[in-house]
Amino acid sequence: AQKVTQAQTEISVVEKEDVTLDCVYETRDTTYYLFWYKQPPSGELVFLIRRNSFDEQNEISGRYSWNFQKSTSSFNFTITASQVVDSAVYFCALSESKSPNAGGTSYGKLTFGQGTILTVHP
Amino acid sequence: ETGVTQTPRHLVMGMTNKKSLKCEQHLGHNAMYWYKQSAKKPLELMFVYNFKEQTENNSVPSRFSPECPNSSHLFLHLHTLQPEDSALYLCASSQDRGPRDEQYFGPGTRLTVT
Numbered sequence: 001a002q003k004v005t006q007a008q009t010e011i012s013v014v015e016k017e018d019v020t021l022d023c024v025y026e027t028r029d030t031t032y033y034l035f036w037y038k039q040p041p042s043g044e045l046v047f048l049i050r051r052n053s054f055d056e057q058n059e060i061s062g063r064y065s066w067n068f069q070k071s072t073s074s075f076n077f078t079i080t081a082s083q084v085v086d087s088a089v090y091f092c093a094l095s096e097s098k099s100p101n102a103g104g105t106s107y108g109k110l111t112f113g114q115g116t117i118l119t120v121h122p
Numbered sequence: 001e002t003g004v005t006q007t008p009r010h011l012v013m014g015m016t017n018k019k020s021l022k023c024e025q026h027l028g029h030n031a032m033y034w035y036k037q038s039a040k041k042p043l044e045l046m047f048v049y050n051f052k053e054q055t056e057n058n059s060v061p062s063r064f065s066p067e068c069p070n071s072s073h074l075f076l077h078l079h080t081l082q083p084e085d086s087a088l089y090l091c092a093s094s095q096d097r098g099p100r101d102e103q104y105f106g107p108g109t110r111l112t113v114t
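Going line by line, the protein sequences match chains A and B.
For reference, each letter of the first sequence is one residue, going 1 to 122 in my numbering.
For reference, each letter of the second sequence is one residue, going 1 to 114 in my numbering.
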């Protein structure tokens, strides 16, 4: 069964610090997708990034960067020069692609980690 | 309006009440989802609809009854709930039901059962 672990329950930093949110996953599928979502106080989860299991290139988008390492089953998220507006709960999620016809039981289901509460102080 | 909207944003109901949560997506997506988010628990998938047909029911108690009249609207009918059902209920949609389709979420309904 698939599983996502975000070991950091809460992180507190001061503005302009860099912060890395850890995500470790478990899956038996060879093809899968990893996601990061941000949940600000308003409640809705905001999609940040999707990465497929065959693409291990790191990605950078502004102050955000993601480090996907298949060898350690990790998909970590770094915010550079954090800002108060980055304060939110961040979720890592996994979606398997093995179809039900092939014996897959989690096709298209998003399995979320517990989330990491990030607080950025001014 | 754009994105995924949910009403009401907050709901307090007694255990004997009947109420409904509404979700509407303006993205032209084919799949819609209900999730439950409780304190200190991961998001729990409740129901999935694809092209108005229910494709997933994650062993949800019958006091929760979903309805999807069309691809843009999703309801969650509630009756005789328990206090442990108090949670944030999130609706989401995606283009299709595939594993690579990112889901877009509404702001949620904060439900309190007294």
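Because the hints were derived from the structure by calculation, they are not lab data.
The structure displayed is predicted, hence computed values, not measured ones.
A virtual CB, placed ideally from N, CA and C, is assigned to each residue, including glycine.
Misleading hints may appear alongside valid ones.
[To be verified] Here chain B is said to cover these stretches of chain A; the calculated rule only asks that three of the stretch's residues, wherever they fall, bring their Cβ under 8 Å from a Cβ of chain B:
hint, stretch
1, 43-56
2, 85-97
3, 110-122
[Claimed, not checked] Calculated pairs, PhoX-like style, for lysine-lysine (alpha carbon to alpha carbon, straight line, at most 20 Å):
hint, chain 1, residue 1, chain 2, residue 2
4, A, LYS3, B, LYS40
5, A, LYS16, A, LYS38
6, B, LYS52, A, LYS3
7, A, LYS38, B, LYS36
8, A, LYS70, A, LYS3
9, B, LYS18, A, LYS3
10, B, LYS40, A, LYS38
11, B, LYS18, A, LYS109
12, B, LYS52, B, LYS22
13, A, LYS109, A, LYS98
14, B, LYS22, B, LYS40
15, A, LYS38, B, LYS41
16, A, LYS16, A, LYS109
17, B, LYS19, B, LYS40
18, B, LYS36, B, LYS18
19, A, LYS16, A, LYS98
20, B, LYS36, A, LYS109
21, A, LYS16, A, LYS70
22, A, LYS98, A, LYS70
23, A, LYS38, A, LYS98
24, A, LYS109, B, LYS19
(request) Identify every previously stated hint that the structure contradicts and give their numbers, smallest first. (result) 6, 9, 11, 14, 16, 17, 19, 21, 23 and 24
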